[in-house]
Amino acid sequence: AQSVTQLDSQVPVFEEAPVELRCNYSSSVSVYLFWYVQYPNQGLQLLLKYLSGSTLVKGINGFEAEFNKSQTSFHLRKPSVHISDTAEYFCAVIGNTGGFKTIFGAGTRLFVKA
Amino acid sequence: ETGVTQSPTHLIKTRGQQVTLRCSSQSGHNTVSWYQQALGQGPQFIFQYYREEENGRGNFPPRFSGLQFPNYSSELNVNALELDDSALYLCASWPVGANVLTFGAGSRLTVL
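If you're matching them up, the sequences are chains L and W in order. For the first sequence, my numbering gives the first residue as -4, with consecutive numbering after it. For the second sequence, my numbering gives the first residue as 113, with consecutive numbering after it.
Just so you know, these hints were derived from the structure itself, not from any lab. Among the hints, a few may not be true.
[Unchecked claim] Label-pair restraints from in silico Cβ distances: (1) W:Pro120 to L:Lys108: 30 to 40 Å; (2) L:Glu59 to W:Gly128: 22 to 32 Å; (3) L:Ser4 to W:Thr222: 16 to 26 Å.
Positions of the beta carbon are idealized from the N, C-alpha and C atoms, including for glycine.
With the hints as extra help, turn the sequences into a complete structure.
Given below as structure tokens:
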């Protein structure tokens, strides 16, 4: 079984500052990893995904994440945030053995201040 | 616009009632999953359907049931509603072989 821990429930940051949202996972099998963003009153939108290959993954809106197998982490980063990045961010995992369900973390609320 | 449409967007029910939520997926997306997202929490997997058969279920009681239809639409039914069923219900779909969910905007259910 897989599980996901998002280490910060809220991250306040000033506009144009860098940000890192932390995610750790546990799994007995190899996994695929994802970051989703949820804006108020909306569904989830995929930011980026790691399926295989390069451990540094680039996504939309200037976000990137690095898969670290030894530390079982998949932290999300952005070098300079904007007010419009204020949203809830979810890390998610799915086992790559044909498992059927995506497991989500509890979410990190990113609040960008002017 | 994700191509996954959910209805209704909002609804209010009372305890003990029954509710049906609907989802229309993109053509070719023959796998659909339903998630419950309580306020301040991450989505929790309810169940998944593939080619009109349930092929995975999370830790939800039998009063949560579903259907998938040949036209890529699906339903989530909840009987005997409880206050704790108040949540955003998300439908997600994807084509066979893919591993990325495409989500609808959700249906927000309030149980009074």
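For which of the previously enumerated hints does the structure constitute a violation, in increasing order of number?
-> The structure breaks only hint 2.
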